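Number of protein chains: 2
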Amino acid sequence: MSKPIDFYFDFSSPYGYFASTCIDELAAKYGRTVKWHPVLLGAIFKTTGAAPLPTVPLKGEYSLHDFERTARFYGIHYRKPAEFPLSTQAAARAMLWIRQHDGEEKAVAFAKAVYHAYFVDGLRIDRPEVLAQIAFDLGIDAARMIEGSNDPAIKDEFKEQVDAAMKRGVFGSPFIIVDHESFWGFDRFAQLEALLKDGKI
Amino acid sequence: MSKPIDFYFDFSSPYGYFASTCIDELAAKYGRTVKWHPVLLGAIFKTTGAAPLPTVPLKGEYSLHDFERTARFYGIHYRKPAEFPLSTQAAARAMLWIRQHDGEEKAVAFAKAVYHAYFVDGLRIDRPEVLAQIAFDLGIDAARMIEGSNDPAIKDEFKEQVDAAMKRGVFGSPFIIVDHESFWGFDRFAQLEALLKDGKI
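Chain order of the listed sequences is A and B. The first sequence maps to residues 1 to 201 in the UniProt record's numbering. The second sequence maps to residues 1 to 201 in the UniProt record's numbering.
Treat the hints as calculated values from the structure; they're not laboratory data. Incorrect hints may appear among the rest.
One copy or any two copies: either way a pair holds, since identical chains are not told apart in the list.
Listed below are the simulated SDA-like cross-link pairs for lysine to any residue, each with C-alpha atoms no more than 25 angstroms apart in a straight line [to be verified]:
hint: 1; residue 1: K167; residue 2: L53
hint: 2; residue 1: K112; residue 2: E147
hint: 3; residue 1: K197; residue 2: G75
hint: 4; residue 1: K200; residue 2: D187
hint: 5; residue 1: K112; residue 2: S63
hint: 6; residue 1: K155; residue 2: L64
hint: 7; residue 1: K80; residue 2: G185
hint: 8; residue 1: K112; residue 2: D141
hint: 9; residue 1: K159; residue 2: G60
hint: 10; residue 1: K112; residue 2: R79
hint: 11; residue 1: K167; residue 2: A50
hint: 12; residue 1: K35; residue 2: H65
hint: 13; residue 1: K112; residue 2: A82
hint: 14; residue 1: K46; residue 2: S63
hint: 15; residue 1: K80; residue 2: D187
hint: 16; residue 1: K159; residue 2: E61
hint: 17; residue 1: K200; residue 2: R79
hint: 18; residue 1: K3; residue 2: A28
hint: 19; residue 1: K80; residue 2: G169
hint: 20; residue 1: K200; residue 2: E61
hint: 21; residue 1: K35; residue 2: E61
hint: 22; residue 1: K46; residue 2: P57
hint: 23; residue 1: K46; residue 2: K159
hint: 24; residue 1: K112; residue 2: Y30
hint: 25; residue 1: K200; residue 2: A71
hint: 26; residue 1: K46; residue 2: V56
Note that the structure is a prediction, hence the values are computed from the model and not measured.
Bound conformation, chain A alone (with noise of 0.2 angstroms):
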């Protein structure tokens, strides 16, 4: 049996997004699963002194064009929140509770409605309503998850995820780490299928 498939997401990334959109079916297609890890580039970018995207000059004002043009191409929905990127601790902290307490399947359902929410519908889903209204939906305990996810003890264990993802190289989102090799990016998902098709790239 192969292992899972490692997809590191940032749920403010919009290439992340468009990754989401589509990594559970190539996977299967290919007999493999996915293990999703969110992770926080806003942590991450200390390390590697990268900034937000739309912050930088010139690139900034590209990728948000970049962005539409490529969920075009590509078949996605996408409307840029006007929000935009915003902090997504408390997504991920309801995200890992939901994967303790309700299992594998209930978070990344989670973690699907949550990119659906921000990108397609422009929700804020940094608020903690916006997180409870996804997870009731689900049919998830909400009132739960919202105080479970401030819990300390899963703040560290986030914590520890978001290193233990750097260790592994993880600078950038969507980040996908399958049979000792690493991509990084949604426009590198032509390359990760030729592995995953031919056990080696």
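Given the coordinates of chain A, assemble chain B onto it according to the supplied hints.
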């Protein structure tokens, strides 16, 4: 008659080299021509705050691997030069001098030969004697080229061209501008081709 495709590149950029191996053919397929513009990422990064890829924590190591993997994936000859990155001002100025004295075709042939010398043969393209040999092999007056590309007028012109590129939003290599659309990166060539084919994207 359609306007040429503007192709901006730095001679020390592997992704720029990958683009250089196929952009003329891609353009010709859709009845278009390419105008080649050498730029200086060092100067541009002062504006954007970016750093040369190999120096960035985590991303640097990944990039070195990605250069090789991407070259393999597209069947492009590539060998990591021992000295990387290196200064590309001399090569860029030489190309400008050749454009003025030997015409567009020779200038592009020189650019392709410089890229090949660096990323296939591993030569020190920051050295005048290497650039002179490349020019000589193309039937260019190498001694005059070396002297001429140190002329203050060529230096000023190159500086103006880099500034003009930044004014158009160029912040990386390769960077392609065509019909009011900008594309950064060899990994946007599928989208570039869609635009050339359909007239929109």
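Verification of the supplied hints:
1. For a Cα distance limit of 25 angstroms, the shortest separation of K167 from L53 qualifies both inside one copy, at 23 angstroms, and across copies, at 19 angstroms.
2. Taking CA atoms no more than 25 angstroms apart as the test, K112 paired with E147 passes inside one copy only; the shortest distance there is 21 angstroms, against 61 angstroms between copies.
3. Within a single copy, K197 and G75 get their C-alpha atoms as close as 23 angstroms, and across copies as close as 18 angstroms, so both meet the 25 angstroms cut-off.
4. In this assembly of identical chains, K200 and D187 lie within 25 angstroms of each other by CA distance both inside one copy and across copies; the values are 18 angstroms within and 20 angstroms between.
5. With identical chains, the CA atoms of K112 and S63 are at most 25 angstroms apart within one copy only, with a shortest distance of 22 angstroms there and 29 angstroms across copies.
6. When the C-alpha separation of K155 and L64 is checked against a cutoff of 25 angstroms, the pair qualifies neither within a copy, at 31 angstroms, nor between copies, at 34 angstroms.
7. For the homomeric pair K80 and G185, the shortest alpha-carbon distances inside one copy (19 angstroms) and between copies (22 angstroms) are both at most 25 angstroms.
8. In this assembly of identical chains, the alpha carbons of K112 and D141 lie at most 25 angstroms apart only when taken from the same copy (18 angstroms versus 62 angstroms across copies).
9. Only between protomers do K159 and G60 lie at most 25 angstroms apart by alpha-carbon distance; the minimum there is 24 angstroms, versus 28 angstroms within a single protomer.
10. Only within a single protomer do K112 and R79 lie at most 25 angstroms apart by alpha-carbon distance; the minimum there is 15 angstroms, versus 40 angstroms between protomers.
11. In this homomeric assembly, K167 and A50 come within 25 angstroms of each other (Cα to Cα) both inside a single copy, at 17 angstroms, and across copies, at 23 angstroms.
12. Proximity of K35 to H65 under the C-alpha cut-off of 25 angstroms is restricted to the inter-copy arrangement: shortest distance 23 angstroms between copies versus 30 angstroms within a copy.
13. In the homo-oligomer, the alpha carbons of K112 and A82 lie at most 25 angstroms apart inside one protomer (20 angstroms), although the nearest pairing across protomers, at 44 angstroms, exceeds that limit.
14. Both within a single protomer and between protomers do K46 and S63 lie at most 25 angstroms apart by alpha-carbon distance, with minima of 21 angstroms and 19 angstroms respectively.
15. Taking CA atoms no more than 25 angstroms apart as the test, K80 paired with D187 passes in both settings, with 19 angstroms inside one copy and 22 angstroms between copies.
16. In the homo-oligomer, the alpha carbons of K159 and E61 lie at most 25 angstroms apart only across protomers (23 angstroms), although the nearest pairing inside one protomer, at 31 angstroms, exceeds that limit.
17. Taking identical chains as interchangeable, the C-alpha atoms of K200 and R79 lie at most 25 angstroms apart only when they sit on different chains, with a minimum of 19 angstroms there against 36 angstroms within one chain.
18. Within a single copy, K3 and A28 get their C-alpha atoms as close as 13 angstroms, which meets the 25 angstroms cut-off; across copies the closest is 45 angstroms, which misses it.
19. For the homomeric pair K80 and G169, the shortest alpha-carbon distance between copies (21 angstroms) is at most 25 angstroms, but the shortest distance inside one copy (29 angstroms) is not.
20. In this assembly of identical chains, K200 and E61 lie within 25 angstroms of each other by CA distance solely across copies; the values are 20 angstroms between and 36 angstroms within a copy.
21. Proximity of K35 and E61 under a CA criterion of 25 angstroms is satisfied inter-copy only: 24 angstroms between copies versus 32 angstroms inside one chain copy.
22. Taking CA atoms no more than 25 angstroms apart as the test, K46 paired with P57 passes in both settings, with 19 angstroms inside one copy and 10 angstroms between copies.
23. For the homomeric pair K46 and K159, the shortest alpha-carbon distance inside one copy (14 angstroms) is at most 25 angstroms, but the shortest distance between copies (33 angstroms) is not.
24. For the identical chains of this complex, K112 and Y30 are intra-copy neighbours only, at 21 angstroms inside a copy versus 39 angstroms across copies, given an alpha-carbon limit of 25 angstroms.
25. Taking the shortest alpha-carbon separations for K200 and A71, only the inter-copy value of 14 angstroms comes in at or below 25 angstroms, while the best intra-copy value is 28 angstroms.
26. Taking CA atoms no more than 25 angstroms apart as the test, K46 paired with V56 passes in both settings, with 15 angstroms inside one copy and 12 angstroms between copies.
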